[in-house]
Amino acid sequence: MPFGETVPDSLLDRVNKEPCLVQFLETPIRYQNQDIDVVVDYYSVTDLPSDVFAWTMDLVKKNMLSMYESSQGGWNEAEKRQEMLAPQARYLVARSATDVNDRKGFLMFQMVQEETMDDDVMANCAYCYEIQLMASARSRGLGEFLMHLLDRVGCHWKMDKVMLTVFKSNEGAFRFYTKKLGFELDEISPGACLPRSKARLFDYELLSKPCSQ
11 MPFGETVPDS LLDRVNKEPC LVQFLETPIR YQNQDIDVVV DYYSVTDLPS DVFAWTMDLV
71 KKNMLSMYES SQGGWNEAEK RQEMLAPQAR YLVARSATDV NDRKGFLMFQ MVQEETMDDD
131 VMANCAYCYE IQLMASARSR GLGEFLMHLL DRVGCHWKMD KVMLTVFKSN EGAFRFYTKK
191 LGFELDEISP GACLPRSKAR LFDYELLSKP CSQ
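Residue 11 is where the sequence shown starts when you use our numbering, and the numbers rise one by one after that.
If you're looking for bench data, these hints aren't it; they were derived computationally from the structure. Treat the hints with caution; some may be incorrect.
As the list claims (entries may be wrong) - Lysine-lysine pairs mimicking PhoX-like chemistry, simulated, CA-CA at most 20 Å apart: (1) 27 with 168; (2) 219 with 178; (3) 168 with 219; (4) 190 with 72; (5) 178 with 71; (6) 219 with 190.
Unchecked claim - Now the in silico label distances, taken between C-beta atoms and shown as ranges: (7) 203 with 111: 41 to 49 Å; (8) 43 with 82: 35 to 43 Å; (9) 148 with 108: 14 to 22 Å; (10) 220 with 185: 15 to 23 Å; (11) 179 with 93: 19 to 27 Å; (12) 212 with 72: 24 to 32 Å.
Here the structure is a predicted model, which is why all the values come from computation and not from measurement. In this text, a Cβ means the ideal position worked out from N, Cα and C, and glycines have one as well.
Turn these sequences into a full structure, and let the hints guide you.
Quick look at the structure:
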């Protein structure tokens with residue numbers, strides 16, 4: 011490369027410099043079903059209100075603490091906070107259309123690169139790190155709506171796939187992702203790339219589905 015010439019930003023670099031990743035969607039982002047009327051607010055980690063972040067942490071603990079504690083990695087609150095406050099973290103926070111303080115659930119995601127089975131190829135991913143709903147907001151299609159939003163975000167920004175991690179013990183979530191949303195074991199998931207005798211030593215799987223370009 012000639013002296014003074016800079017390396018061009020990668021697609022992922024350019025996407026992560028965008029202040030808003032839902033700018034192509036009609037606003038407000040609204041979901042209505044049965045007796046639920048929800049607006050989805052978008053935040054980057056830099057503009058996420060402290061009270062909203064505290065609520066997301068509390069909801070993760072309420073819904074998932076026992077599952078984390080029984081997992082191989084255990085629960086580490088400091089590590090979870092660091093993950094959820096990562097520089098590239100983005101939030102979709104669902105709340106009542108009439109009361110901004112009546113929050114129903116959230117999805118936290120990042121645009122990241124993940125390995126593939128080809129050592130020379132990395133995949134650009136819209137990665138769902140957390141999706142959590144209040145008990146009162148479940149079974150109304152809200153989780154599916156939030157995941158659909160993430161899929162639209164990934165496709166719009168030309169990611170290769172939407173990806174997530176799920177505990178094997180979380181059978182309801184596993185069925186939700188695979189049966190309802192069409193996710194499959196990612197190629198680098200233990201259950202896909204390891205012999206069964208080794209794969210069973212892992213308590214999680216990686217799921218993904220391609221983004222349509």
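Hints breached by this structure:
4
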